[in-house]
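Chemist: Protein sequence lines, in the order shown, are assigned to chains A and B.
Residue 1590 in the working numbering sits at position 99 of the first sequence; the count goes up by one each step and never skips.
Residue 164 in the working numbering sits at position 141 of the second sequence; the count goes up by one each step and never skips.
Careful, some of the hints might be misleading.
What the hints assert, rightly or not - Here are the simulated lysine-lysine pairs, DSSO-like style, with alpha carbons at most 27 Å apart:
id: 1; chain 1: A; residue 1: Lys1634; chain 2: A; residue 2: Lys1616
id: 2; chain 1: A; residue 1: Lys1663; chain 2: A; residue 2: Lys1618
id: 3; chain 1: A; residue 1: Lys1634; chain 2: A; residue 2: Lys1610
id: 4; chain 1: A; residue 1: Lys1677; chain 2: A; residue 2: Lys1690
id: 5; chain 1: A; residue 1: Lys1511; chain 2: A; residue 2: Lys1718
id: 6; chain 1: A; residue 1: Lys1575; chain 2: A; residue 2: Lys1610
id: 7; chain 1: A; residue 1: Lys1575; chain 2: B; residue 2: Lys177
id: 8; chain 1: B; residue 1: Lys120; chain 2: A; residue 2: Lys1575
id: 9; chain 1: B; residue 1: Lys179; chain 2: A; residue 2: Lys1612
id: 10; chain 1: A; residue 1: Lys1575; chain 2: B; residue 2: Lys179
id: 11; chain 1: B; residue 1: Lys179; chain 2: A; residue 2: Lys1573
id: 12; chain 1: A; residue 1: Lys1634; chain 2: A; residue 2: Lys1690
id: 13; chain 1: A; residue 1: Lys1610; chain 2: B; residue 2: Lys179
id: 14; chain 1: B; residue 1: Lys177; chain 2: B; residue 2: Lys120
id: 15; chain 1: A; residue 1: Lys1663; chain 2: A; residue 2: Lys1500
id: 16; chain 1: A; residue 1: Lys1690; chain 2: A; residue 2: Lys1610
id: 17; chain 1: B; residue 1: Lys27; chain 2: B; residue 2: Lys120
id: 18; chain 1: A; residue 1: Lys1616; chain 2: A; residue 2: Lys1677
Said to hold, decoys possible - Not everything, but these chain B residues come out facing chain A in the computed CB check (under 7 Å):
id: 19; residue: Lys177
id: 20; residue: Ser181
id: 21; residue: Met190
No lab work stands behind these hints, which were simulated from the structure alone.
Glycine included, C-beta positions come from ideal geometry on N, C-alpha and C.
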Amino acid sequence: MNQSILEIKALSVWYPNTEKPVINGFNLNLYQNEILCLRGPSGSGKSTIVASIMGMLENYDARAVGNIFYDNVDLLGVSEEKMKMIRWHEIALVPQFSMNLFNPVYTIRQTLREMMWLKNKNITKTKLQDQESLLMEMVHLEKSVLGCYAHEMSGGMKQRAAIALAMVHSPKILILDEATTGLDIKIQADVLGTILRLKKTMDMTILFISHDAELGNNISDRMVEIK
Amino acid sequence: MRSKIIGSIGVTILVLLVLIAVFAESLAPYSPYEQVGTTFARPSAEHWLGTNDIGQDIFSELIYGTRNSLAVGLLSATIAMTIAVLVGVMSGWFGGKLDRILMKVTTVFLTIPFLPVVIILAAFSKGSVWSMSIILGVMSWPVVARILRSETIKIKGSNYIHMIQGMGASDFYVIRYHVFRELLPLIFYRGIIRVKSGILAESSMSFLGLGNPAAKSWGSIIYYAQSSNALLTGSWIWWIIPPGLCICLVSMALMMVAYSFEERNDARMEDKL
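Next up, chain B with everything else stripped away, as it sits in the complex:
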């Protein structure tokens, strides 16, 4: 019951954030790309979160930022999970030479230090949503692939899989209708965690100035605030804290959904035993 409530809260927050991202144009009072007020204006009825160093409305930036942050999180998670599922399942199912090759590739990716490589790649790319998502997705699949491989090996050894194979079912059929279906809760859970990691990584990259300077994201708002000495001028209260809170909020919401999902899955597992 408790996990259900936690999960519902998480889903509600996420739905709200997605709606904000989708309807950003209608919700934002101003264009975040235009000067609409005086510089460093304090929060007021006109500008709820004040303005930045070039007179742009921070509240509008925050709303538009939701779009980029969520898009990078979702896209990078989709890319990472697609690679992880393909590598993990194929490796675990077919075994042999293919398994050895795929696991060697996985090990190579695991040994690459994530942050330095992502920083280098992001510095060379244009920092768009797509390039950021591809970089983060391609760099973050190996751990999930390893987990999925071991689960696939476990499922492959089940009596019912032997039985269905013995009946003449093809590899594709068994993977599609049995292995994948059994892996789905794990894929979903890991996918949620990857969305969260993607959002945090995008914010970190943008904070380091490696994002697209023209695109609005929560990380880039903090980056510009920090480079404009917001911490010294006192404007950090309305310039740094709100995007920071948004990053925390979305991470918390995703973790609430993941926690609730894991709890429900564990309860189902306990019923089975």
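If we strip away everything but chain A, and leave its shape as in the complex, we get:
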């Protein structure tokens, strides 16, 4: 078995005004270059685990105890400055509703370029063009999609564009939070194909969050149930 890349130890998370934790003593090991499916019914706290890994619990006023180790760093205790170097750069997320991942007044090109620019403010125009073409190729989207706004794309295109966005900084771990929920079978297959291709070609480690056991079984190397 490959080396562990992310380790969650005794994670418990509370939301404001609730006595019972939504996650109680959760443990998980994510190994390099695997697709791990984290499965559980709605409300079981899957997205809370994602928010904990991404250091985004503050957005929900939630508090957590336990440890999430990534590269010998405890993500729950790390400073926001350090977390900014990890979030999206090392660990990227494709959320359930990818529509919300795009500014409605920005085209896909503008969004991708902004992400690249935020990482490297001295990036040249040629480099931006090369990188955006590469990303489109990676997720099997036409280059013309770059000029589209999020609302002009189909569900599958949006989801693949969201994956491209998450891949801007070539992260080591990609988290897909119900990334295929609500899509029809054909589009689901398209998105899953993209995920498998990424794992194979980019040596990615993927945490696939889903409530669908069958889907999880089909795509993942390993499945962890959460109740």
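Here the structure of chain A is known, so what remains is to put chain B in place on it, guided by the hints.
Modeler: Chain B only, in chain A's frame:
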């Protein structure tokens, strides 16, 4: 399509009025400040809208009045929108103590009765374009600030904002390039409405005799007509109706532009859903 036509008509009327305001000196046949005819003269080829109680050409007054009325409308809207954007966005974005303080100030301004306070302040000021604009601007921002605050809170909760912040973008960057850009249609729409309200308020103030007596505006023309008993002498037809129609016309044009803009924006929103 229909809203586009309505919007085009509104823009055309506004452009014409702005041109009239800018080129008032060239367009007006007489100086509106000088006696150029007999008093209470009926409309004629020489004086298209007759003359007033001191023999000034009403048509020339009307043309010069466009300048003051539009200037007060635009300036007061700019002042009101600047305060509203600053208060609304800062309050919604930073939250916490700053939000509580700014919203308390907003609530205080909301509880102040607009018209009586504006009348009192206008009575103490000299009634110039600037003082009138500042009074109207400072008194009319709170409602827009509240709307912008709630929109900012909504935008702040979006995934893409979390993502950009997570990437290390500063507050200033996110507000400048994302929040403000998303708020722009709403700011523009509310701004148009404020211009209209500013023009109507200036006309009301001038009609009440609280404007600058030396400056020509549509409201002041009606004020002098009314104080010279135009309604009793029959001269109201050429003395009160034309400035009244101008006020209606500019309000209608602004509302047409606002309506068309709102329709186009709604259509775009529907496409997104």
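Chemist: Taking the earlier hints as the rules, which of them does this structure contradict?
Modeler: The structure breaks hints 17, 18, 19; every other hint is satisfied.
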